[in-house]
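There are 2 protein chains.
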Amino acid sequence: MSEYIDQDQAGVSVGIVEKCFFTFAAPPDRLKLESGASIGPVTIAYETCGTLNPEKSNVILVLHALSGDSHMAGYYDPKDAKPGWWDIMVGPGKGIDTDKYFVICSNIIGSCAGSTGPASINPETNKAYGTSFPLITIGDMVEAQKALMDYLGISTLLSLIGGSVGGMQVLEWCVRYPDMVTSAIPLATTTRHSALAIAFNEVARQAIMADPNWNQGHYYSGKKPDMGLAIARMIGHITYLSDESMRLKFGRKLQNRSALSFEFGAEFQVESYLQHQGNKFIERFDANSFLYITKAADYFDLAVQYGSGSLVKAFSLCKSKFLVVSYTSDWLYPTYQSKEMVKAMKKNNLDVSFCEIDAQWGHDAFLLPSNRLDNLIKGFLRGVSDET
Amino acid sequence: MSEYIDQDQAGVSVGIVEKCFFTFAAPPDRLKLESGASIGPVTIAYETCGTLNPEKSNVILVLHALSGDSHMAGYYDPKDAKPGWWDIMVGPGKGIDTDKYFVICSNIIGSCAGSTGPASINPETNKAYGTSFPLITIGDMVEAQKALMDYLGISTLLSLIGGSVGGMQVLEWCVRYPDMVTSAIPLATTTRHSALAIAFNEVARQAIMADPNWNQGHYYSGKKPDMGLAIARMIGHITYLSDESMRLKFGRKLQNRSALSFEFGAEFQVESYLQHQGNKFIERFDANSFLYITKAADYFDLAVQYGSGSLVKAFSLCKSKFLVVSYTSDWLYPTYQSKEMVKAMKKNNLDVSFCEIDAQWGHDAFLLPSNRLDNLIKGFLRGVSDET
Numbered sequence: 000m001s002e003y004i005d006q007d008q009a010g011v012s013v014g015i016v017e018k019c020f021f022t023f024a025a026p027p028d029r030l031k032l033e034s035g036a037s038i039g040p041v042t043i044a045y046e047t048c049g050t051l052n053p054e055k056s057n058v059i060l061v062l063h064a065l066s067g068d069s070h071m072a073g074y075y076d077p078k079d080a081k082p083g084w085w086d087i088m089v090g091p092g093k094g095i096d097t098d099k100y101f102v103i104c105s106n107i108i109g110s111c112a113g114s115t116g117p118a119s120i121n122p123e124t125n126k127a128y129g130t131s132f133p134l135i136t137i138g139d140m141v142e143a144q145k146a147l148m149d150y151l152g153i154s155t156l157l158s159l160i161g162g163s164v165g166g167m168q169v170l171e172w173c174v175r176y177p178d179m180v181t182s183a184i185p186l187a188t189t190t191r192h193s194a195l196a197i198a199f200n201e202v203a204r205q206a207i208m209a210d211p212n213w214n215q216g217h218y219y220s221g222k223k224p225d226m227g228l229a230i231a232r233m234i235g236h237i238t239y240l241s242d243e244s245m246r247l248k249f250g251r252k253l254q255n256r257s258a259l260s261f262e263f264g265a266e267f268q269v270e271s272y273l274q275h276q277g278n279k280f281i282e283r284f285d286a287n288s289f290l291y292i293t294k295a296a297d298y299f300d301l302a303v304q305y306g307s308g309s310l311v312k313a314f315s316l317c318k319s320k321f322l323v324v325s326y327t328s329d330w331l332y333p334t335y336q337s338k339e340m341v342k343a344m345k346k347n348n349l350d351v352s353f354c355e356i357d358a359q360w361g362h363d364a365f366l367l368p369s370n371r372l373d374n375l376i377k378g379f380l381r382g383v384s385d386e387t
Numbered sequence: 000m001s002e003y004i005d006q007d008q009a010g011v012s013v014g015i016v017e018k019c020f021f022t023f024a025a026p027p028d029r030l031k032l033e034s035g036a037s038i039g040p041v042t043i044a045y046e047t048c049g050t051l052n053p054e055k056s057n058v059i060l061v062l063h064a065l066s067g068d069s070h071m072a073g074y075y076d077p078k079d080a081k082p083g084w085w086d087i088m089v090g091p092g093k094g095i096d097t098d099k100y101f102v103i104c105s106n107i108i109g110s111c112a113g114s115t116g117p118a119s120i121n122p123e124t125n126k127a128y129g130t131s132f133p134l135i136t137i138g139d140m141v142e143a144q145k146a147l148m149d150y151l152g153i154s155t156l157l158s159l160i161g162g163s164v165g166g167m168q169v170l171e172w173c174v175r176y177p178d179m180v181t182s183a184i185p186l187a188t189t190t191r192h193s194a195l196a197i198a199f200n201e202v203a204r205q206a207i208m209a210d211p212n213w214n215q216g217h218y219y220s221g222k223k224p225d226m227g228l229a230i231a232r233m234i235g236h237i238t239y240l241s242d243e244s245m246r247l248k249f250g251r252k253l254q255n256r257s258a259l260s261f262e263f264g265a266e267f268q269v270e271s272y273l274q275h276q277g278n279k280f281i282e283r284f285d286a287n288s289f290l291y292i293t294k295a296a297d298y299f300d301l302a303v304q305y306g307s308g309s310l311v312k313a314f315s316l317c318k319s320k321f322l323v324v325s326y327t328s329d330w331l332y333p334t335y336q337s338k339e340m341v342k343a344m345k346k347n348n349l350d351v352s353f354c355e356i357d358a359q360w361g362h363d364a365f366l367l368p369s370n371r372l373d374n375l376i377k378g379f380l381r382g383v384s385d386e387t
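Protein sequence lines correspond, in order, to chains P and H. Residue numbering for the first sequence follows numbering that gives the first Met the number 0, starting at 0 and increasing by one per position. Residue numbering for the second sequence follows numbering that gives the first Met the number 0, starting at 0 and increasing by one per position.
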């Protein structure tokens, strides 16, 4: 969505950052997963911005979404064309102010940007795991992040923040490690996928698995299932936008044409845009990772996992302060789902602020420049920081 | 959607019907298409129910949607498991009363249920057209229907009725042949596809074209692109439902399981349902027809084609009375699009009734049993019939 980002609004970047790695669960140790399976060793790619204070009390953990990575802000190299994915939010004086906070972001396990996932080499076979990689959950992602915190000697998180699948990790952290979490900001997220969200994910997975190059997930020594992954991304991308944003951005405008072609192929701008998004995605993302992470998101169900079906009971495990944010045009995780979450939090007398931001850009709005969101987050963090 | 249909509500069926064929544009004649291309001969499969009165003034033309066919009501054979696709609406005493009206439904050109389309044999090559079939438009479909009316000696249509892509044909008829159309009932439709609707169609088409069996559209002597077509259908099917209907029907219920499998494959009921819909569809539908009809729907733009961009100007060509119906939970062709249409009709002082039906079943609601819709249509047709 980088084309929406007005770099003038981005302010001062955090500058040059480094991609760090941490490996744990090294043999004979293993990371036990919720499925009952285990993996090891597990490597976590992560990035930090800002300075950890001596009390180690200024830590903010940023949790990324489906296709994100640990590179949240700044540049690896001054020549990089683009900064990290949330550079508009993380940096000196920004919503998450790196002059004040020590901000950490790690690549989720199951992904493909440095952390262990299906494209990683299985040390037992010296080949890529492929689909021999066990299914993972949002809880498993959080366990890996917890191991990273232990490694960094961090026992208290001033705040957790993440949108979409990142927001699910935020919520999972709050119920799994309530004593570590002071505050949490779940953005544009849900406590469980609706049938509609599962449906889109399943069709996207089917598109990948229908690609003959997918080869049951073992394609790392041959051709990749690029067509399938591009289609999966296009399906996903539609759900990240909204009827209104697509009408404003594309409408029925034709791409480099003044009249209909009467041929198949992209001729409406929205078609070219989606194909472009699909083609960009296959250069940076692994098809199996798409399968694993979407499945983890579909499995996530806070009420069932922690409350025997009751969301109120699940949130009774939490102790943190919350800022919950939803967007008016987000039809993937609509506001009513955030409201359910907020209601269950309030029934537990948790300190929760809720804001529905009026935005036309659909689910992706949480990644776009917004003074409203910047100020909400800045104010919320200042309050939490002052209290502690 | 037949599982939703309560046959008790269906009333008396029209009984045994016959699939009829009519061929025109036989060499050296050709049907000229809007693209500038032409085809011939052209065969139209059609069905009639009820009796044509001596004045030929009781004709109702039913226009089917994307995946429909001419078999709208009754049974071809007493042993058939299911009647025609709109048997709940068309029959003695039903919304479209075959005791009063002579009801015609024809398969659209470009389709694959008897009318000429990409799977038909091109007499010039003695092979299936495949993608050598020219692109068609909603206007071309209407031209073929007009030829059928001429053949049947019908010069006045008491009413036209159709939902979705069928509704587009209704509207096209009204501007193309205003003197023939007394009244028209466009249901759950639009005067032009939004970028969102085009986006879903394009991704579905990409899924078909990514299937190696598609073979640039020439697959009729080999394996069919079943996987691609199934995925295309699944994408479409999601857009026909709604968040609410999927929550009520499926929620997060598992299929034949009590716990998560931690394996890929359909385990949520909504996943099984979509796969079932995809697998059923490939048995009866041609992948190329899916490409051609969705493209025709994407091309449809009444304002651009007939009003130099003005919908008001386009509807100034119409003379018929209208009943426009939309559904609250239809997010493919939302109510605001019907309201735009109604507004443009009213600016031309056309006699138009508009009804937004409160229904949770999304776009597909127009195909489901509804006393509300039955009564609306019955009342409207009675009014039109009495006036003429």
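These are calculated hints, taken from the structure and not from any lab test. Some hints could be false.
Across the chosen pairs, the derived CB separations fall in these ranges [stated by the list, open to error]:
id, chain 1, residue 1, chain 2, residue 2, range
1, H, Thr155, P, Glu339, 51 to 59 angstroms
2, P, Glu386, H, Asn370, 36 to 44 angstroms
3, H, Ile120, P, His217, 23 to 31 angstroms
4, P, Pro211, H, Lys252, 30 to 38 angstroms
5, P, Lys345, H, Gly308, 21 to 29 angstroms
6, P, Leu316, H, Gly92, 31 to 39 angstroms
7, H, Gly35, P, Lys342, 56 to 64 angstroms
8, P, Pro177, H, Leu253, 22 to 30 angstroms
Yeah, the Cβ is synthetic: ideal placement off N, Cα and C, and Gly gets one too.
Evaluation of the provided hints:
no., hint, result
1, H:Thr155 x P:Glu339: 51 to 59 angstroms, "holds (55 angstroms)"
2, P:Glu386 x H:Asn370: 36 to 44 angstroms, "violated (59 angstroms)"
3, H:Ile120 x P:His217: 23 to 31 angstroms, "violated (42 angstroms)"
4, P:Pro211 x H:Lys252: 30 to 38 angstroms, "holds (32 angstroms)"
5, P:Lys345 x H:Gly308: 21 to 29 angstroms, "violated (50 angstroms)"
6, P:Leu316 x H:Gly92: 31 to 39 angstroms, "violated (60 angstroms)"
7, H:Gly35 x P:Lys342: 56 to 64 angstroms, "holds (60 angstroms)"
8, P:Pro177 x H:Leu253: 22 to 30 angstroms, "holds (29 angstroms)"
Figure legend: structure checked against the earlier numbered hints; hints not met, in rising order: 2, 3, 5, 6.
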